[in-house]
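Colleague: This is what each chain is made of:
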Amino acid sequence: MSIARVNRLSPYMFMAPAMVIMAIALLYPLGYMIWGSFRDWNPSQSIGEAEFVGLKNYITLWNDPNFRESIGVTLRFAFFVVSIEMVLGVGLALLLDRDIRGMSVLRTMFILPMMIAPVVVGLMWRYMYHPTIGTFNRFLESIGLPKVDWLGDYALTSIIIADIWQWTPFIFILSLAALQSLPRSALEAARIDGATPWQQIWHIKLPLMMPVLIVTGLLRLIDAFKVLEVILVMTNGGPGLSTEILALRISRTATEFRELGVAAAMSNYLLILLLLLTVAMFAFTRIQEARAARVRAAAEEAS
Amino acid sequence: MQNQRANPAFFAVIALLVFMSVGPVLLMFANSFKLDVDIISGTSGLLFLPTIQNYETALCDVLWYEPEHLDFCSLKFGGAFINSIIIALVSTVLTLVIGSMAAYALVRFRFMGRDTVSITTLMVRMVPPAVLLVPVFGLWNNEFCLDKDGLIGGAIRDSFGGRGDVCLAGTHSGIILIYVAMNLPFVIWILQSFIVQVPRSLEEAARVDGAGPFQVFFKVVLPLIKPGLAAAAIFTFRIAWNEYLLASALSDRNTKTVPILIVNNMSEFNVEWGVIMATGMLLAIPPIIFTLLASRQIITGMTAGAVKG
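Quick mapping for you: the protein sequence lines, in order, are chains A and B.
Quick note: the first sequence, position 178, residue 178 per this note's numbering, numbers continuous.
Just so we're on the same page, this note's numbering is the position in the second sequence counted from 1, plus 1000.
Just so you know, the hints here were simulated from the structure itself, not pulled from any lab data.
Worth double-checking, as some hints may not be accurate.
[Said to hold, decoys possible] With a straight-line cut-off of 20 Å between C-alpha atoms, the simulated SDA-like cross-links for lysine to any residue are:
#1 A/K226 x B/F1186
#2 A/K226 x B/V1124
#3 A/K226 x B/I1239
#4 B/K1219 x A/M13
#5 A/K56 x A/Q45
#6 B/K1076 x B/A1230
As the structure is a computational prediction, the values presented were derived from the model and not from experiment.
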């Protein structure tokens, strides 16, 4: 009897610490933030003292051209970063998918950029983009080309390049893993039927990799909304608002302008955007699983 | 076969890729050994007299001797480094223990609320740190406090000093708490795919021999998922070690971590490139060592995390 009760309770005992911590440090703060977003709230007040203003923060933001500009920058950044990284990463994986000696050494070198702190990545690129002492302008000068104002006129492009440098290896590693787990028989059959390498890639490899690629792309997309430190160090959102992505704007509204209510409302807009993406990803994996199960069932019936 | 043919263009591409991914890191490494004069005058690339002066400036508060070129030690890098180590290590260990237990429960038991828990875990994984900034700042400063007139709060205040209530903000535990919470969803998610592979028969054999559920977990399951734990540990450590935003909102003068120190020194108008590169290098060294030692685990962890949607 007592053993049976222990067994029924043990899952809860295993779950309890994680649930308690996530409840007090993730879910409660999120609820607190939603509550705070309806208030005119500054950091010196506790939330109880802040005045309730209803949807004012949301409406102000909605009509604020700077906020819209910031959303535009965020979406542009995410779109370019993810699409360029996907093309480069998958392309490299297709190119390097062969037996080379020292492949593991190569992979180690490729994951190095991802492991380094974003703050340090920002620092490195800020140095390389520096108008007078930076590596790129020195190089352009030495071959006789005019200097480029990287973090001025081309700030958004420059931060996109830095992010591509850091995260293309992520896509590369994942698509390489997907490529190497493809069924050999399908590729053999295609080769025997005389498919050219291009045909193999277009009609066999890419379609078979698609599920992994889509999940990878969505993961990367969600992460692209989290990028903050690299941009903070490189441009701090400037010049003007040209690189002020939403995460950065939230942090500046909270710490520099000390408007916690507005920052909370802004966070909620960002959360809603991400929630839509997450639901899309979740629905997609469910559909994939269902389709795989149907195919398997059909195959079993046939045999 | 076509694959085996040694193609010079192919190796050129590989060499270029390696150069592009490692080059910036090497550039920073080289610059951290240069004097500012050399960096600014730009005497070409590799011909310079290496100096450890930048590292001496950065580490002046933990050196046993006084560097000659310094009158005053303004950069308290050593202290920040120790804070970073404490916070990253403690939060990694806590996250792994708590997360592996939760992952085990999700994989091995059917219980009420299981689906809710696993969907919630998946959802909160998407929450960006920037979104947590506002509520965490408010809660840690105003709500998660012990009243200074209360029993425990009074005792803490008497022994450590300070005014007002004793709050979570500005302590190591405050930062550790949010890092553990932030990393838990990811660790739970990634470890599930490793625990599924542990054969049930082993656990049942242990149970027949009279082991309780916790003994089964700690003595049978955990040793078998060591590769998964290693991967999860590296990713958790990486986030806790590199994180800037929440730490900057929660820390005070004595609990600053290294990323905060670097950003504070960057935002000043006149950047001392040599010193800043040296601090950046010191911050980057632990993750680089992990990458070199455990790249296989990192790759396993990445693929396990992404493929199992």
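Colleague: Would you list, in rising numerical order, the hints stated earlier that this structure does not obey?
Modeller: 6
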